[in-house]
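Q: In case you want the letters, here they are:
There are 4 protein chains.
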Amino acid sequence: MKALVYLGSGKMALEDRPKPDLAAATDVIVRLTRTTICGTDLHILKGDVPTCRPGRILGHEGVGIVDQAGSAVATFKPGDRVLISCISACGTCTYCRRLMYSHCTTGGWILGNTIDGTQAEFVRIPHADMSLYPVPDGADEEALVMLSDILPTGFECGILNGKVAPGSTVAIIGAGPIGLAALLTAQFYAPAEVIVIDLDDNRLAMARRFGATETVNSGDGGAPAKVMKLTAGRGVDTAIEAVGIPATFGICQEIIGPGGTIANIGVHGTKVDLHLEHLWDRNVTITTRLVDTVSTPLLMNTMRSGKIDPKLLITHRFKFDRILDAYETFAHAASTQALKVIIEA
Amino acid sequence: MKALVYLGSGKMALEDRPKPDLAAATDVIVRLTRTTICGTDLHILKGDVPTCRPGRILGHEGVGIVDQAGSAVATFKPGDRVLISCISACGTCTYCRRLMYSHCTTGGWILGNTIDGTQAEFVRIPHADMSLYPVPDGADEEALVMLSDILPTGFECGILNGKVAPGSTVAIIGAGPIGLAALLTAQFYAPAEVIVIDLDDNRLAMARRFGATETVNSGDGGAPAKVMKLTAGRGVDTAIEAVGIPATFGICQEIIGPGGTIANIGVHGTKVDLHLEHLWDRNVTITTRLVDTVSTPLLMNTMRSGKIDPKLLITHRFKFDRILDAYETFAHAASTQALKVIIEA
Amino acid sequence: MKALVYLGSGKMALEDRPKPDLAAATDVIVRLTRTTICGTDLHILKGDVPTCRPGRILGHEGVGIVDQAGSAVATFKPGDRVLISCISACGTCTYCRRLMYSHCTTGGWILGNTIDGTQAEFVRIPHADMSLYPVPDGADEEALVMLSDILPTGFECGILNGKVAPGSTVAIIGAGPIGLAALLTAQFYAPAEVIVIDLDDNRLAMARRFGATETVNSGDGGAPAKVMKLTAGRGVDTAIEAVGIPATFGICQEIIGPGGTIANIGVHGTKVDLHLEHLWDRNVTITTRLVDTVSTPLLMNTMRSGKIDPKLLITHRFKFDRILDAYETFAHAASTQALKVIIEA
Amino acid sequence: MKALVYLGSGKMALEDRPKPDLAAATDVIVRLTRTTICGTDLHILKGDVPTCRPGRILGHEGVGIVDQAGSAVATFKPGDRVLISCISACGTCTYCRRLMYSHCTTGGWILGNTIDGTQAEFVRIPHADMSLYPVPDGADEEALVMLSDILPTGFECGILNGKVAPGSTVAIIGAGPIGLAALLTAQFYAPAEVIVIDLDDNRLAMARRFGATETVNSGDGGAPAKVMKLTAGRGVDTAIEAVGIPATFGICQEIIGPGGTIANIGVHGTKVDLHLEHLWDRNVTITTRLVDTVSTPLLMNTMRSGKIDPKLLITHRFKFDRILDAYETFAHAASTQALKVIIEA
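Chains as they are written, first to last, in our numbering: chain A, 2 to 346; chain B, 2 to 346; chain C, 2 to 346; chain D, 2 to 346.
Keep in mind the hints are simulated off the structure, nothing from the lab. A portion of the hints provided could be inaccurate.
It does not matter which identical chain is meant; a pair holds if it fits inside one copy or across any two.
[Stated by the list, open to error] Below 27 Å or equal to it, Euclidean Cα-Cα: the simulated DSS-like pairs (lysine-lysine) are:
id : residue 1 : residue 2
1  : Lys320    : Lys12
2  : Lys312    : Lys272
3  : Lys20     : Lys227
4  : Lys320    : Lys164
5  : Lys164    : Lys20
6  : Lys308    : Lys230
7  : Lys12     : Lys227
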């Protein structure tokens, strides 16, 4: 089969690989119909993810059709259409019982990282009963690809952890795909204001179309002051970090109001300054999280009922044999204005 | 001043009464600009509320202008425009510290019940700092009258107690004003389905305009079966009782799914059957609540940001000297299709 | 093998039965070393549990040694010592993902009910990875038998659902084994007062030894008045119903304070009166629950660290061939003062 | 009257000052019978608290007798014995309504900071109804002094924010008075293990007497490795920072387990490193808080019922005219082994 293979820092290629086999009775082999590219895939390509070794097939998102199912798989059979979760979960370990699938002792984020992933014709999914979801009749499969990773990530790490609530004031720092996914799912809780902060005016314009009530360009360093002015000096109830660098985490600390929550989504590669000399008595909460995908059923319900339109995040479409072009487009989002790119079988 | 006075079961009159005086340093006298009528006022008129004695000025909702403020009032001064909460709260007793203002040992629901109320030219508001809210600049005062009682009641007793959540399935039993207030505020949490049940097809049509995804006429006794069919046999996550009689509380018990919550809003005059022989192992929660109005600031935020339009509840308007006509209209809602009636000074 | 078999209302016998076989790859066969009898077993014997048909081997509690493990069982192998949970859970269905194992679509309370149970030399445990727990090195296996059902039931249905909190006032109605299990686990949350109510002075004396701060004999009908006096008229924060009849559920309603919670544990065979005419504005919560056994790991931790001594509940011990005597002793608790009886292989 | 006055960095003196007068109708003047010294007083003396200007009477803890009560004070009258909270709260501002008394817009921590404090014969208490508590009949007033600040601080900032739960594993970094207060109140939630870490073996011995299950001397830099070993590599569920320096906050980050909470109590004077490059995907929560004293009624209940013995924290007693000796003793805790010192009128 064709597969996109990571070949070490800065290198990848579309290669021929053997079709995967069932390795455990709880595995399923899925034939992909659609996949996509994640910011994390770009991190891997930069060589920033040491757990992902050269030779690995990339990708942890997608929908497809069950090709083979292990003998202990209860929920799925060949021919079933399925959504693949970016997180694999055994369901029975200490962490899974606490609904922290991201820390599953034999799962977590393994697809396209420590085992072969979804940017291929076929993929092996371990712990299939917990790691796949049936595609509902009539569901839009393109939209569903957004439920593999980006929407649960924005929702769980940003909105749920950030305790977004009706009437509250939210700031989202970073208007890339993940910040916009947080923005879309913030609407589930009817916040009064959602202020989006970014360096790129195109992205801020996009944020306004996605429901931001205010946008602030942080290029001049004045973003914190502007947010404090917008909130009459109170600061925000929730600040969502959706970039992953010290500067943006710093903005969060400057704008968080007493009793507020800083919800980190960004993947950080270095330590940051935490100004406890200012925050120790501010009654604030800071959270981190790798998505657990526990909200997937909830998100499927909201999608089915029209409360959210995940396709807003999709800007480009490619056939699988042009996946290298898709990477090119996704990696140069500033010029291509790409959010999520769909790659079709 | 003119005031609407309860004169015993079935009787009321518009009378001349002396303007109220400050009785405590924490009191405020408010000149009413707008008030409204509550279902509870009708209960009083039927003689069903023994705490309310003949001679009492009715009414516990309204907006107005501060006429006098006691010496210990910190927040308000004459001329300030204010929203009156139906619940008075001292802020310091055991219950107020638990945010259960409804059980304040020197407050709670006293207006138009154990002390004179708001269906008058002036009203005395005890514990004014906790029991009044400043009208924001530019706010629509008609809409604000809906925040005195009906919206916080629907929201706190129905939506918050009922734990309405994104993607969940909600049933509201009763499409009168309070059921519709619950329906409006349910939208803050993006439920996937809201099924509204009533005997009156006009009200059900109204419910669909207010956002109900399904409506069921319960006139033929088949409502529970229909709801179970709509939910593929699972039952609902939240059942909100917004009537106050055994039959409707019974419907809630028949349609509640495992792990679900029955949130009672209705004012009940008699005991009901609780089928613990069916429910003991269903992991359900049943809640009761007199509104605490702790959500008033939140509701003002959602109104300011356009997340809710409280004026949808207003169907009729009267001048204060025609308040008896207003009662007539409100009491015959089946024929007048009245929801909330505004009474202007 | 020898097994205790239910033979229809009022009848049981110790019979020879074939040793069970693995029926699914996720099953385990356990050789019992210790089991016990539950109040629910007596309900079955009275013919009150229609799901349990004659011919069924009784029992849903116990510890033992793994005899055979299915090919898809990840956690257990022959020779492992295991605690059997009274609830079987697949871990992957809608309810299991919500941690409501009691409503697992292919599990729940099935042992000794819809499939053969633990009062036998061997038992087949479905969904073994989720339904068995490893016995920690050095653990007291007698004590562990109390974690199959009675302690998680008292804790989850009574203490967790009842929101017992430091400094709070708790009433437990019923001082049988389940009420005492609630009393033991209430101590995890340092309530200021725990008032235990029962008809039997022997049981009340036992309750005082288990940590009750006050006891009330309800034989004269004056229990509610006594509790209100003990709480200076405020009522209790948590009322735990541990009997399962209308009278005791009625006491709960009379003593619950504003903002309080009535947590039902009792197995009810008939409807009860719910006095919504008094409770509609009391801001109370009523909960029901079949134990989910989600707290088993937590309880094992507290047992290991000496925060609880489950053996306090064990009053009698029998060899398995005398299990009919054990039933006799357990069924006549008023005269034998039995709480839990251990039955050893 | 005699009062201890801060005179600028490193300086204080026992001076004669005029007795305070009522300044608002909601004020009370309290004659102190007992006070104590807080670590924060030492911070002020070092010149580290710029809001506290020279000339200020120090102290924010104590019990006493009401001398005068303003006309709008509802709860207290001259002669009443009262506990003084370190936090003053109006009860009506935005923050007080959210139970964040520490951020009260006209209160918070003002005593002995921005207004004169309790290390004097008399003190003026603003917002008295919310900021004083009646001393229950028969209560031990020495013990009650521990409820002014140190016990609610340890409990709210450490135990409640840290979500200490039955069966969980807790680490407390710092075995000074505040760490030990956290340790005492941790017992309300029956954690399985409480590991206390400090540089001082005397304090660690004290911690064992207060209920620590393990102690670790961090002098050799090996504390994190020891904690990881004690937890079999899992890390702790809750890490409580009770020192206020970068090194101890660093230990918290090294030992926190996935899904765990770092609850900061320490007063920090400088920024710290936050290792988001390790923590971004660990699903951890970090909290800060200035005590709100919302738990004072709860703590009084637990003290009354004997669930906690606050006097364990008291090591020394002085008459008020020897308060400078008391400071000397408290400031040199390493040699005097002082925890809390009681200063009597």
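Q: So which hints don't hold here, by number, going up?
A: Violated: hints 2, 3, 4, 5 and 7.
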